[in-house]
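Note that the protein sequences, when read in sequence, are chains A and B. Note that my numbering has the first sequence beginning at 15, numbered continuously upward. Note that my numbering has the second sequence beginning at 15, numbered continuously upward.
One should not assume that every hint holds.
Where chains are identical, the list cannot tell them apart; a pair therefore holds if satisfied intra-copy or between any two copies.
Claimed, not checked - BS3-like cross-link-like pairs, simulated, lysine-lysine; straight-line CA separation at most 27 Å:
no., residue 1, residue 2
1, Lys591, Lys368
2, Lys118, Lys94
3, Lys271, Lys361
4, Lys361, Lys591
5, Lys68, Lys646
6, Lys458, Lys568
7, Lys458, Lys271
8, Lys295, Lys568
9, Lys368, Lys562
10, Lys591, Lys360
11, Lys646, Lys591
12, Lys646, Lys565
13, Lys565, Lys298
14, Lys50, Lys368
15, Lys50, Lys662
16, Lys271, Lys646
It is worth saying that the hints were derived from the structure and are not from the lab. Quick caveat, the model's predicted, so the values are computed rather than measured.
Each chain, letter by letter, is given below.
2 protein chains.
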Amino acid sequence: MITIIQLFAIAISVLAFGMALWLYTWVKAQPAGNSKVESIGQYIQRGANTFLKKEYAILARFAGIVAILILLFIPAPIWKGSTQNIVMAVAFLVGATFSALAGKVGIQVATIANRKAAAASQTGIRYAFLAGFRGGAVMGMAVVGTSLLGVTAVFMLTFDATAILGFSFGASSLALFAKAGGGIFTKTADISADLVGKIELGIPEDDPRNPAVIADNVGDNVGDVAGMGADLFDSNVASLAAALVIGLSLDSSFSAKNVTTVFCFASLGLLSSIIGVGTAKMGKSDNPNHALNSSTYVTTALYAILTAVATQVLGFSWRIWAAAAIGLGVGTIIGIVSDYFTNDEKKPVHFVAKASESGPAFTILSGVSYGFLSVLPAMVGIAVAALAAYLVCDPLGPGYAMFGISMSAVGMLSIVGMIISNDAYGPIVDNARGLVEMALLGDKALGITDSLDSAGNTVKAVTKGFAIAAAGLTVIALLGAFMTEVNATANALGMGMQFLTGFDIMNPVVFFGLLVGTAIPAVFSAMLILGVDRNAQRMIAEIHRQFKTIKGLKEGVEGVVPEYDRCIDIAAVGALKELIPAGFMAIISTLLVGFIGGVQAIGGFLTGNIVSGLLLALFMSNSGGLWDNTKKYIESGKLGGRGSDAHKAAVVGDTVGDPFKDTAGPSINTQITVVSLISSLMSTVFLTTSLF
Amino acid sequence: MITIIQLFAIAISVLAFGMALWLYTWVKAQPAGNSKVESIGQYIQRGANTFLKKEYAILARFAGIVAILILLFIPAPIWKGSTQNIVMAVAFLVGATFSALAGKVGIQVATIANRKAAAASQTGIRYAFLAGFRGGAVMGMAVVGTSLLGVTAVFMLTFDATAILGFSFGASSLALFAKAGGGIFTKTADISADLVGKIELGIPEDDPRNPAVIADNVGDNVGDVAGMGADLFDSNVASLAAALVIGLSLDSSFSAKNVTTVFCFASLGLLSSIIGVGTAKMGKSDNPNHALNSSTYVTTALYAILTAVATQVLGFSWRIWAAAAIGLGVGTIIGIVSDYFTNDEKKPVHFVAKASESGPAFTILSGVSYGFLSVLPAMVGIAVAALAAYLVCDPLGPGYAMFGISMSAVGMLSIVGMIISNDAYGPIVDNARGLVEMALLGDKALGITDSLDSAGNTVKAVTKGFAIAAAGLTVIALLGAFMTEVNATANALGMGMQFLTGFDIMNPVVFFGLLVGTAIPAVFSAMLILGVDRNAQRMIAEIHRQFKTIKGLKEGVEGVVPEYDRCIDIAAVGALKELIPAGFMAIISTLLVGFIGGVQAIGGFLTGNIVSGLLLALFMSNSGGLWDNTKKYIESGKLGGRGSDAHKAAVVGDTVGDPFKDTAGPSINTQITVVSLISSLMSTVFLTTSLF
């Protein structure tokens, strides 16, 4: 049944596309920079496209194979007369395609916006800020618009929440490639460029003679803009999928209302983000931090008010509203806590900087310690959010408690349009700063882009914490969705409607899954980090080859340009090559556990994945951010500044932190989501075919 | 009812004491070294005693307070007429005292054996090996004899399995001080001695001018000998306590037989270890690795045979025997896997050494990656052991599955006497090597102690893996014991015998506990590592003071001796001071979770502790061991040897790894056990007083 609220969701999605188009036009209309800015900028843009093309080519093959497997086996073997398989396979492909499109659009605009921001920084901070922010906001609008449109369209066409899980799985698969592949790419380029350029040859960071310099700048875009976008696309869709699956399974007289609530709240979240993005501008203070924060506050407040009005007018339950509000509140708090652990005005950075004076071992030890400490408030926050949402919604009836948790995740992710905009702003102004330096635009422009960049780093810590918290709550909701799917299947097979009432830790099959599941995110992280290492070695060999065979390159002879594309190519191919075994490991271990221990073991396995995944993701993201800012803090002249022993130690910390925070840490989210969705999709198979 | 088997257990304990006495006499009768060996050796012995005295003084106060709290509140408030409280408080004090005594004896002998081994190494390897091994075996015999005696005596006097939990809690509290306090002490001394001695002043590692040099050698003894002994005392007692609590709660017609099985298997394990220790000697190959391994094999085989005979003769269930055998087998396999990740003939060490050529950041990244990978086989091993034990024993009747898991832990820990002997051998010969160097006993002696030391390092990796696996299985059994205790209380309160059938992950209160519990081992580790850092700063200040104020010290004027004791004092007081907040954090978080969420939340909390504790303990122990051996591998002349860039990077890795593997990693075991035992002891309180 097509409802007004679904049409409303589609209308808001279209409005988001309109906003994206307007922002794009605005950015595009900004004055161009000088020829050097344009030429280097275009190298970056072409490089990003090269990576995306490779990535999408491999993804297309992967998605093709998976789609065939879905067609054959999911939700049940097709030769047993299941026709739902066709819908699932199509939904999967649409999910992957939609996410890929949003990423493509976002990166296209980001690689234009960086040039515009660089050019604008010659005249003043306001337009430079706006070019960066609005460039990033295109990504925000595209991602959330596409995800809401996709979920609504699939639901309207199929009336089947399980199909949304297929759509979500498509988005997750793309996210795995974008986030983990992009993460390996960006750190490969970063590390190789630094090792050969700065350390071996002693040339500056962004020296155009370095064959890896463009790859390094491309990396910021593919890792941070496209990767983060795909990650949050994934979480957003997964949270909606979980809420719809659970909401529909409840007492049938209310299930329509539950669906309405989900679409309504998601639409209002996007609407709030559209308005929030529109209000973002530099106030009189010329403080970019202020501008970013105030638009986030506008979005949050607007969301709370709009959903409250909707609840009153449309007669939704206030308990559901409260669950969503709790999610949003806790997400914000966790973001702020992440900021504490990585902000260079707070104790952790000062402590690690001081410890660095005793050598790099102490940089690592103190950073690891604060990274471990940072886990507690976030875990407690997620725990309290889940508990509170559960308790608030439990009185609504059986099953509503878990629906409350899923709505809490939807609430937390409601402002995701704004979050992505803030997050994509970071790499754009970071790139702009690089362009200002490479194109020698002068000290004023450098000062302005420095200040924009610094705000980008601060906001990045907050958005990363937010992304992990959102993924955490989402995967808890997915665990609920898994149980719902199992029960639906069990019911269809005549095994009873309440076949599965939970996962008992004291059941050894659950415990078996739990222990194995706990190890998976650690192994996945290790494989990605080792992948960066191996890939960097390939790239270093290529850089050496270029310096050896291209005459005049090392000497900087006018007109001699390195083969940037070769480096981008190597980093891209290698990144995807390194990613695939890690992805397969996660998928195959899920299948093994499922076939050995059935749905009970999978319940434990997912739980193990969630808890150790959250632990490691928070640890790695926060310690990585802490080391990064410690280095910058020392470079700002503290504790001896650049070249001091403390600085050398901090550089070691930063190099360790790079793959922690940009490759492994944030990819874990996606790994968990992929594993959760596969489990839900395979529930019928695991239920009917397992050893125990 | 006093049974023959209990008298047998006491007899075997006494036999172990006899063996310890014989070994002690043998060690004592070995020829003394020259005056320099004796004088430095006595400094170490006095230093170790100083630490123990401080530790036990603080422990006594702590234990006194806890005993009063137990008296007042556990198992139920004393003003409500509970008289069991007196028994519990006494059992607690006896547990702490017994473990302390075993530690005291062990360290006393270890600090004699190191001198004897140093002296013997001048003439040949055989007696040097025996001095080291038999010195360590005193610890092994003392620990296992005392723990079996204690458990048996408490049980015979009270006929109450809960009292054994009290005894176990006493042992755990001592272990927390010994392992975590000793771990902070040893790394404080190690790092401070290196930083000032080797790096600032450029004097050799074991130079007697360095005021911290004795503290460094003392650290090996208090951290590795006393700490590891207390840790395994703790696990051993906890596994017996869990098995007795669960075994007694089962079908009453069989509960006596279950108790008999527990005592019988534990006694036969100790008997096997006694014989195994007796057979240890150097074969014709002069290979210390061989000698250590062959006596372990003797013990294992003997245990399997003896328990099989007992099962046949006394009519025990073969299923229980199989569960114990599974535990022992898996423990051995996990030990071997740990060895792979830290052995310098295997790929991980070679890979990290090669990566070190690119700088310290790559040492860290590759070491962290392999540390993460090492988690998988051990987790899968524990998971399979628990699952197999459960499935094998499930047909015996309701509740027997969990009894099977606890017997699997008992089986794994049966050869603990041998394991401790092997483990304590390591620091003794390490110290002997230091004495040979400091007393200039010549190249032959140095070569011999080098070879003994290298065998010690290899066996240490295996025993550490074993200790973590044993703790893992034990805490799973303790989770079962906790449930049993709750049900016993619930039954007494008229809430039904099957009040608690498990902990459902989908229960939000359980999930709340799970998420919070997951964070605790990370926070605990961070607090210990930061404690090492702070304590090292205090000690460095003291070393600086001595070099400044003691005339002639830096120049090495004959007869000028630094104030070694001051350094030992500072390290000892500081270590205990740093430990206390970490211990309180773990205890208070347990109480908070219990008072908020009751027994359900505690079930989740303990599970979270177990999974993240195992994850982090395995990761930190293995990556630390890997870095240590990577440094040694390079120092053996590979990749440029000492002084090369790779070596410098490997030194950074080793310094990071030190508190990982010797402070935080192995202390997590104890933290989990303490938390598990408190939960069991507080079960009545949590059951009757909680928010949800």
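Structure-based check of each hint:
| no. | hint | result |
| --- | --- | --- |
| 1 | Lys591 <-> Lys368 | between (40 Å within a copy, 22 Å between copies) |
| 2 | Lys118 <-> Lys94 | neither (39 Å within a copy, 70 Å between copies) |
| 3 | Lys271 <-> Lys361 | neither (48 Å within a copy, 59 Å between copies) |
| 4 | Lys361 <-> Lys591 | between (40 Å within a copy, 22 Å between copies) |
| 5 | Lys68 <-> Lys646 | neither (34 Å within a copy, 43 Å between copies) |
| 6 | Lys458 <-> Lys568 | neither (30 Å within a copy, 54 Å between copies) |
| 7 | Lys458 <-> Lys271 | neither (56 Å within a copy, 85 Å between copies) |
| 8 | Lys295 <-> Lys568 | neither (44 Å within a copy, 64 Å between copies) |
| 9 | Lys368 <-> Lys562 | between (41 Å within a copy, 24 Å between copies) |
| 10 | Lys591 <-> Lys360 | between (40 Å within a copy, 25 Å between copies) |
| 11 | Lys646 <-> Lys591 | neither (33 Å within a copy, 34 Å between copies) |
| 12 | Lys646 <-> Lys565 | neither (36 Å within a copy, 43 Å between copies) |
| 13 | Lys565 <-> Lys298 | neither (52 Å within a copy, 65 Å between copies) |
| 14 | Lys50 <-> Lys368 | neither (40 Å within a copy, 40 Å between copies) |
| 15 | Lys50 <-> Lys662 | neither (32 Å within a copy, 42 Å between copies) |
| 16 | Lys271 <-> Lys646 | neither (51 Å within a copy, 67 Å between copies) |
Of the numbered hints given earlier, the model fails hints 2, 3, 5, 6, 7, 8, 11, 12, 13, 14, 15, 16; all others are met.
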